[in-house]
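Enquirer: Sequence:
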Amino acid sequence: MTEPLVGVKLVGPDEDAGSVHFDDFRRFCNTLNSCLKKSETAVTAEPERIRYRVSGLADGSAVVELQPIRPRKGQDRRREVVTFFKKAVADLRAGRRPDPRLNADALKDFKELYSGLKRTKEVWIDGEQLTSRYVANIDDYLKPAFASEGRVTGMLERLNVHNKNEFILYPAIGRPVACVFPDELFEQIRLAVKRNVTVYGAVFYPPDGPYPDSVQVKELEIHPPDAELPTLGQLRGAFRGCFGDQTTREFVRMIRDEQG
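Using the working numbering, the letters of the sequence shown correspond one by one to residues 62 to 321.
I should point out that these hints are in silico values taken from the structure, not numbers from a laboratory.
We put the beta carbon where it would ideally sit given N, CA and C, even for glycine.
A portion of the hints provided could be inaccurate.
[Unchecked claim] Taking lysine-lysine and the DSS-like style, the derived pairs with C-alpha atoms no more than 25 Å apart in a straight line are:
hint: 1; residue 1: Lys-148; residue 2: Lys-204
hint: 2; residue 1: Lys-70; residue 2: Lys-147
hint: 3; residue 1: Lys-98; residue 2: Lys-70
hint: 4; residue 1: Lys-255; residue 2: Lys-204
[Unchecked claim] What follows is a set of in silico ranges between Cβ atoms, one per label pair, in the way DEER data are often shown:
hint: 5; residue 1: Leu-118; residue 2: Leu-252; range: 47 to 55 Å
hint: 6; residue 1: Ala-78; residue 2: Glu-126; range: 45 to 53 Å
hint: 7; residue 1: Gln-307; residue 2: Pro-271; range: 40 to 48 Å
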């Protein structure tokens, strides 16, 4: 039986006679490696063990052939993983729903096989060309399952106003959240970079996760730095007299009676 192989081809711009820019080639190889690893995890439900060797290489239009190396220990699932990867690409290219074992993060990597390249004219995998339709199909599957009005708190970083007003919010738990905002919030957001904030607006959730991945921001609240917050020692006695003439025990008993 022949060894499983992964064949890819990149074609650069016409002005470079089809030669591929190194930045694009490096970026593509990193993304391809990530897609292969996530395909293995989807198939085996275990940490990846398969490594790949370059078994064929041609210059000009960059043509690369990868051969998975058999792991020294454990079951040999190379063919299953390579078949899974190729089928995932073929399904996404044809607009067929991908294997449900591919989560949203994996689909984003598969999208980057084409959309992440700046100066590459064509991308081919296993003899099939990827196009903008391939990217659009993935975008359709990445649409949030639902959206609701809500709020997200986290550290505001990576402000970008190049093509659209966007920043990344890093919550205490969950994935980074991409936030888009209207022009009128720019100055407030500029002052909030590297600060802990709460954003309010339409919160979007991915189909396969409990944490949001994007927000259309309508309002923003900037929280004070930790150094400006009072300590527990400074709060001692701050609420003296708030129970009136009641003792603490009487106040707690009253609350319990009201709740009961």
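Enquirer: Take the hints in turn and mark each one as holding or not.
Expert: Each hint tested on the structure:
Distance check on the hinted pair: Lys-148 and Lys-204 sit about 21 Å apart at the alpha-carbon level, within 25 Å; holds. At most 25 Å may separate the alpha-carbon atoms for a hinted pair to count; Lys-70 and Lys-147 meet this at roughly 14 Å. Taking the CA atoms of Lys-98 and Lys-70, the gap is about 20 Å. The hint holds against a cut of 25 Å. Pair hint Lys-255 plus Lys-204 does not hold up; C-alpha atoms about 29 Å apart against a cutoff of 25 Å.
For the hinted restraint 47 to 55 Å between Leu-118 and Leu-252, the CB-CB distance of approximately 51 Å keeps it satisfied. For Ala-78 and Glu-126, the Cβ-Cβ distance of about 22 Å falls outside the hinted range of 45 to 53 Å, so the restraint is violated. Taking the beta carbon of each, Gln-307 and Pro-271 are about 42 Å apart, inside 40 to 48 Å as hinted.
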